[in-house]
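Residues in the sequence shown are numbered from 19 upward in steps of one, following my numbering.
Derived by calculation from the structure, the hints in this document are not laboratory data. The structure presented is a predicted model; accordingly, all values stated were derived computationally and were not measured. Among the hints, erroneous ones may be present.
Said to hold, decoys possible - With a cut-off of at most 30 Å between alpha-carbon atoms, the simulated BS3-like pairs for lysine-lysine come out as follows:
1) Lys176 with Lys158
2) Lys147 with Lys158
3) Lys311 with Lys218
4) Lys308 with Lys297
5) Lys245 with Lys332
6) Lys83 with Lys45
7) Lys200 with Lys147
8) Lys308 with Lys200
9) Lys240 with Lys297
10) Lys297 with Lys277
11) Lys291 with Lys331
12) Lys83 with Lys242
13) Lys226 with Lys242
14) Lys331 with Lys240
15) Lys245 with Lys311
16) Lys308 with Lys291
17) Lys158 with Lys129
18) Lys226 with Lys245
19) Lys294 with Lys306
20) Lys294 with Lys207
21) Lys242 with Lys147
22) Lys158 with Lys218
23) Lys147 with Lys83
24) Lys50 with Lys129
25) Lys297 with Lys218
26) Lys294 with Lys308
27) Lys245 with Lys277
28) Lys158 with Lys178
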Amino acid sequence: MKKSKNYVGIDISKLTFDVAICNSESKYKYFKFANNHEGFILFSELLNASESICIMEASGPYYLKLATFLSESGIGVCVVNPLIVRRFSQMRMSRAKTDRKDAMLIAEYGKTERPNLWQPEADYVLELKQMQAYLEQLNKNRTGYIVQREAFNQNPIKSKTLEKSINSVLETIEQEIKQIEKRMELIIKTHHQEMFNQLKSIPGMGAKTSLFLIVISGGFSKFKNHKQLASYVGISPRIFESGTSVKGRSKICKMGMSKIRAMLYVCAWSAKKCNKTCKELYDRLVEKGKSKKLALIAVVNKLLKQAFAIATKKEYYSVKIN
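I would like the entire structure built from these sequences, with the hints used as guidance.
Below, the structure is given as structure tokens:
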């Protein structure tokens with residue numbers, strides 16, 4: 019007789035992780051371990067590898083070492099989006115907020131939803147993700163220095179030394195951004211050359227946007243359809259409507275990545291002119307009285323749909339792909 023899996027909830031932080039293990043009487047036992055190799059070993063000794071599945075949230079970089087250790091030890095691991103667990107908590111009207119309660123809630127989510135097992139990503143994928151995070155920080159720093167420079171320029175008394183210093187820092191950041199983007203493109207071309215070329219064949223889709231779509235989607239392997247990709251990027255429509263008493267305008271859900279979203283908007287401006295399907299969609303919505311902003315968001319969604327179809331079908335753009 020096949021034994022049922024024992025779902026173990028893990029609430030992880032920078033220095034420690036709390037564990038909730040359910041016993042045969044459906045009662046939880048709680049443990050706390052150091053978030054290091056010694057703590058991983060002590061934790062794994064409590065588990066039956068063939069019967070246990072550990073559930074943890076993708077909490078920044080803190081989960082990765084433990085998830086990798088457990089996976090390499092033959093213990094099932096599921097890494098879930100913290101937002102999904104939060105929604106699960108709200109549905110159960112759970113208000114308590116402690117590390118123990120969080121670990122138990124994560125275990126309950128695992129038992130109820132049975133998420134897919136996590137697999138360690140290839141080294142080049144991890145490198146791309148690290149570069150992407152670093153690039154986002156560089157762009158934030160660049161924006162901050164540009165704003166600072168503009169503020170200084172409004173001052174009637176300017177410090178030439180300070181102005182020179184800011185320009186020097188900005189130049190260094192620009193060079194670093196170019197080097198990182200060049201390295202990312204080289205990695206993508208090494209592992210996803212054909213997909214990269216296919217995405218670039220979409221009218222309006224630039225090389226940089228194609229590159230970042232491959233990075234964030236794991237080569238379009240992380241999502242089952244274009245709607246999941248759109249939700250991840252942060253452009254899926256969110257409609258507030260309940261019965262007849264509460265009605266609201268559709269809004270896009272911006273819980274996603276601001277950089278790739280901004281890049282897609284730029285692509286959409288081009289696509290509404292040179293991409294036949296996108297142009298027809300944009301013109302049709304504007305003619306119906308929709309705002310140009312909403313029509314542009316629709317074009318972004320259309321571009322993602324085209325990109326997903328091209329990447330999964332492994333073919334170049336044609337008008338049939340819409």
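Now the hints, each set against the structure:
no., hint, result
1, Lys176 with Lys158, "24 Å, holds"
2, Lys147 with Lys158, "17 Å, holds"
3, Lys311 with Lys218, "24 Å, holds"
4, Lys308 with Lys297, "14 Å, holds"
5, Lys245 with Lys332, "19 Å, holds"
6, Lys83 with Lys45, "28 Å, holds"
7, Lys200 with Lys147, "14 Å, holds"
8, Lys308 with Lys200, "39 Å, violated"
9, Lys240 with Lys297, "29 Å, holds"
10, Lys297 with Lys277, "24 Å, holds"
11, Lys291 with Lys331, "25 Å, holds"
12, Lys83 with Lys242, "27 Å, holds"
13, Lys226 with Lys242, "23 Å, holds"
14, Lys331 with Lys240, "15 Å, holds"
15, Lys245 with Lys311, "20 Å, holds"
16, Lys308 with Lys291, "18 Å, holds"
17, Lys158 with Lys129, "40 Å, violated"
18, Lys226 with Lys245, "22 Å, holds"
19, Lys294 with Lys306, "18 Å, holds"
20, Lys294 with Lys207, "28 Å, holds"
21, Lys242 with Lys147, "20 Å, holds"
22, Lys158 with Lys218, "26 Å, holds"
23, Lys147 with Lys83, "15 Å, holds"
24, Lys50 with Lys129, "21 Å, holds"
25, Lys297 with Lys218, "18 Å, holds"
26, Lys294 with Lys308, "19 Å, holds"
27, Lys245 with Lys277, "19 Å, holds"
28, Lys158 with Lys178, "24 Å, holds"
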